[in-house]
Amino acid sequence: MLNATDYATYINSQNIAGGTVPSYYFDGNDVRFYQTGTTGAAYNPSDPTTYSVVQPTDWQNVAYHQAKSENVALNASGGSDNTTYYLSGGYKNIQGIAVGAGLRLGTFRGSLISKLTDRLDLNLVVGGSMGRNTMQQGGDVLRGTGNGNITRDALSSQPFILPPNAISNDENRTSVYSWLNDYDDITTNGNFNGSLNLKYKLSNVFNYSVRVGGVNSYSDRGRWFGTSLFPGYNNNGSLGITNARNTNYTIENLLGFNKKFSPVFKFDGVIGATYDTYSTLVNNYTGINFNIYSLRTNGLALANSITVATPSQLDYQISSFLGRANFDFFGGKYLATVNFRADGSSKFQKDKWGYFPAAALAWKLDQENFIKKINFIDQLKLRVGWGITGNQSISPYSTINQFGTSNISYADQNGNKLLAATTFGVANPNLKWETTQSDNLGLDFAFLKSRISGSIDVYRKTTTDLLLNKSIPPSNGFTSLLVNEGSLRNQGIELSLNGEVIRNAVVKFSLSGNIAVNRAKVINVGQPIGQFGANALSAFSGSAIGQSFYQDYTNIFAAGYAPGMFYGYKTAGIIQNLSELNYTASDGTTKSTTYAIIAGGGAPKVGDVKFVDVNGDGVVNANDRTFIGNPNPNFTYGFGLNFSYKQLTLSTTFYGVSGVQRINANDYFEDQTIGNSNIKQSVYNNIWTAQNPGNTTPRVGASSITVITDRIVEDASFLRMSDVTVSYTLPDKITNKLKLGRTSLYVTGKNLLLFTKYTGYDPEVNSFGFDGLRQGIDWNGFPNSKSFILGINVGF
Amino acid sequence: MKKILLSLLIIGTCVNYSCKKALLESPAYTLNQQTLFTDAASAQLALNGCYGDLASQGVYGQALFMISEMGSGMGWLKKTGDELSSLNIIASGGGGFVPMLWNGLYQTIGQCNIFIDAAQKSSLSNKANMIAQAKFIRALCYYNLAFIYGGAPIKTAPTTPETTNVAKSTKQQVVDQVVADLVAAEADLNTTQADASVPSKVAANAMLAKVYFLLASADGTGSPNWAIAEQYGNKVFTILNNNIPLESNYASLFDVNNRTSKEAIFKLNYSTLGLNTAFNKGSWAFSPLSSTLKGTHFDVRGASRAFYSYFKKQHTGDPRIDATFFHVSYPNASTGAAITVYPTVTTYVQTGYPFIKKYYDPNQVGQISSKTNYVYRYADFLLLMADVENELGKSGTAVTYLNQVLTRARTSVTPAAAQPLNLTLGAQAPTPALAGQIVDQAFLRQFIFDERLFELFEEGHSFMEARRRGISYLGQITARHNAQADAIAGFSMPANNWTEYLLPTSTDGLTKAMLMPIPPGELNTNTALTIKDQNPGY
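The listed protein sequences correspond, in order, to chains E and F.
Position 769 (the first sequence) corresponds to 769 in the working numbering; numbering is contiguous.
Just remember that the working numbering sits 796 ahead of the position in the second sequence, which is counted from 1.
If you are wondering where the hints come from, they were derived from the structure by calculation, not from laboratory data.
Check the hints yourself; a few may be wrong.
[Claimed, not checked] Covered by chain E, according to a simulated footprint, are these stretches of chain F (three or more residues, beta-carbon under 8 Å): (1) 840-847; (2) 1063-1075; (3) 1156-1165.
[Stated by the list, open to error] Label-pair distances were calculated between CB atoms; the ranges are: (4) K350(E) / A1324(F): 21 to 31 Å; (5) A953(F) / N414(E): 43 to 53 Å; (6) I186(E) / A1279(F): 56 to 66 Å; (7) D412(E) / G1232(F): 48 to 58 Å; (8) D835(F) / K350(E): 43 to 53 Å.
Cβ atoms here follow ideal geometry from the backbone N, Cα and C, with glycine treated the same way.
Could you build all of it, start to finish, from the sequences and the hints given here?
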């Protein structure tokens, strides 16, 4: 981002292009701000009342800091012959890198395993936690609303504190300080869980077990926006309170069977029935219009207007019948497994039940005599599997039309509020399970006294009846509908290898690595072929990502293509000469291409971004949209090493993704030469001028580009050192003297190295991860922190 | 121990045995069609939903007046990539208001469809009148679609998963739907209503007159639609015994405390406690900086210099000018100090425009205002009937209607203002700006066209009014805009956010400006539409 001097020069160049006087003047190292656009006195270098000297500020330094965290845990275990116990407790205090963010969490867990009689075993587990989480990420992080967030303000704000004589407008009135001083987002939560498992041995062959378990949790969140932030400014203080209660109970009945029929054939299996019930109730309250702001998240009672929303209830149940059988021939040389389950979900109305069979075969080649003869082979196992699984992860009540009173209200002629009932969306009573068929073939191997080991897997997964929250035409009154539509195939190869390079009593050195290649393809989308920009496709589009700009969809799901391909306009640098726009029209004359997608596109100018007229009709419009990128990687990989010398251990892991692209939507602010937003230094240096006609950044004063183009598609391949740890274990001599158990000291560094060409904070950000129809997009992504951990493990 | 085991076994088995029942959904915190439509009071909640969506910021609470006033050719919007006031917007542009209005209109239509369907199936005793109200609301939505976007998909039944893609109907078909709903509503609405926030037979007939008036205006002289407009309009005169109620003071129409004006044919109510988008955003959108004590304001929207100047030139001293604009200067609400604006300020700065006043609410808090919005008022009706009668050769009647509106404007202040003076058929026009012209049919055609722009400016009609007589009349507005003497310097400074746009004057440019584009969100997702369905020029 630009410093104060460069930023001031940049804004002045915008003023000059716009025919107004400069906003900034320079005197030595001082940058002086003059408020243009008023009827006040003109800038006068010898009259300090006409200007103010700005105070340069690096907002990223204000917003983020080096955070300290602590984490302590205590475990104890013991018992007698028939009964053992395990207890643990922990406390974490983690500071976030954004100033003010942090988490405090206390946990406990206990378990008891007891043999009550010869035939009856008991296993009891209880656990719980309590915590308080303070977040600093901001308002609506995602859509392009005026609410903004700290990440955006830290990057886009002018690099100094706004002088007092500046007229506040919608672009500059929020600063990083507003977030630090006038924003609270505090969640307190707690969780209690327990389960009891009783296993009764009916005979040598049959056993019966029953397990009951439950989880009960709460999460209470308060978000306060003071008046220096948009939601607070617009509503004279804005407070949102969310109280969530979750409960979940499980009952399982399983009948087990286990018998060795002959020396060469063993059989075991289980049949059972399970029932799970999940309940969630979220109460929402909004308070606005405050006279007193000081109680912040605790001040709901001080709001002049309080709204109680229709509670969000998300209850569902799953009932299952299952059976599994394992066959073992010739002492494990040939293994076969057959699985079957029937799952019923309350979320579906007509087709509640899904039936999911699976089977697998394994052949331990290393137990065959012809392999045993080969000395260097220690292990060789061939696996083949087939199965069908189901997915029902949609919101409950998606098949039922409901009315609520919290979307909208009306009023009577005296201005009194009237309740109004409206529907929430279009219900789809036809929903059913989404299913995935998987086929895989694998080989596990170990050679040379197991110093080299690894596995290789080939798989294919075909998902049909995809449960999608599809965009539907707004002419329906709603913009999304949950459907079962289309099918998708993933196929690939995964390879992992481990090698122990040195293995002796003093030094151990091992290396490991893995690589995975996956190819995803949309098989069909259940749509007829239609025109999508320049291409005729059977496809459906993703969701629009922005509101006032980037209103177009970014991803497309087209049969025959990878899912979520980026779709938009192609560009070709900057217009250097208007003759580049010439094309031969159908009447044989030479005409100049126009752009229907930007303001002033009827007559593009030298220094504007050059768009590609894909269909060659002389106008760049929605018909020229095409594929501009792919958010799916070519391959992912990882590697690590582990080195130990006596008591000292060094280990590290790396992982990376190659051949992946990402939409860096932040470029709307950082890569365009419009408005008051601060921009990247590299963008500033390459601004097109007649004297310095670059080919990457348009001239100052060029129209903003509000459509999705390949200019914001970036290579997001990366290699990250995710973890490096050095640890030292105290020698027994010392620990014995101190009467301690195994004790070690360690230092860990996380995310210390990142190799990437991506220009956003983090190539792994996926801002809309929750929405399958908006993928691979970085919208105000939060930076990924580097951290160092200093630890000690002590055994007693 | 065996007993415990046994009891657990029983629990487990029972739960599994009753799984069929256990997998049934029964949401406990929401309402459903059965519970809502059992009695009139609860069904009224669902009808309030239709009104609420119509009044919300998706339609009359914001998007409609943004499109209508800023996109008319007579509004000014700060340049921030939001080119609504340039009349040369791009399909994905318009600052988000093009899709916002489209979506808001269809959201309201969707709720009306659900209401009408459920009410028809119910056994509610007063369902006919309630359905008529919903049909009136639906008609208003299709009316705005037809005259702002042109052809559009028509939906008259609740959406099901099978019916999400509906092809575009022609503008005529959309108008036919408006007429069908209004005629059906007229049959079951009450003849009159004490408060105009509930539609009456008067409102339905007056709307029908307006629909045919707009169709006739586009056809021009000799259109059979003039007579149909007259026919519906005369029903209004009959019901009201030829006594059309006007407020005595024009400015009092826009007094925030005047919630039940007798001049309203149909209006929408707002509450300061409105949920989500259920408040009037007009005061926030248009009132200038520091004009209220507790409201938030930005000087980013106003009237164009050209329109303001034209209004002042035609009717110098017209009391409506003070009621319509913050001009010359206005007081800072907290200090009382005068803040100067156009025409006192003529440079290209925040305050270089006359600001819009009809939405001004001194009680605005944050963005929130509860000021009443007029959807349709009697002065509008009188002026349209004047045009109708003039086209039907009854210019005398036209002048009578017209003079009622002019008289009210002139006598809004005491003593009465000098302008606008009444017209006399066959005599010279009394307005100095029109000196020498004789009041005849052709004169009245132009005079009424302008008079409607003046009288109704800022009230959500300007887009249609500027376009109702086609591109030649729209071209008058844009030509006047481009010739505004003190704005010419501003047109050449494209990167100064506070200047004005040069407006289109070519046939292609004006043809494009006649309609708003179908939003990309609809074209991208509706498989029954192709890019060929997009309006000309986009």
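Each hint tested on the structure:
As drawn, the stretch 840-847 of chain F meets chain E at 5 residues by the rule of a beta-carbon pair under 8 Å; at three or more, the given contact holds. Proximity of the stretch 1063-1075 of chain F to chain E, defined as three or more residues with a beta carbon under 8 Å from a beta carbon of that chain, is established by the 10 residues found. With a threshold of 8 Å between beta carbons, the proposed coverage of the stretch 1156-1165 of chain F by chain E holds, since 4 of its residues qualify and at least three are required. The hinted range of 21 to 31 Å is satisfied by K350(E) and A1324(F), whose Cβ atoms lie roughly 27 Å apart.
Judged by the Cβ atoms, the range 43 to 53 Å given for A953(F) and N414(E) is violated: they are separated by roughly 35 Å. A hinted range of 56 to 66 Å for the beta carbons of I186(E) and A1279(F) is consistent with their spacing of about 59 Å. At about 52 Å, the beta-carbon gap between D412(E) and G1232(F) stays in the expected band of 48 to 58 Å. In this structure the supplied range 43 to 53 Å is violated for D835(F) paired with K350(E), their Cβ-Cβ distance being about 31 Å.
In summary, the numbered hints that this structure violates are 5, 8.
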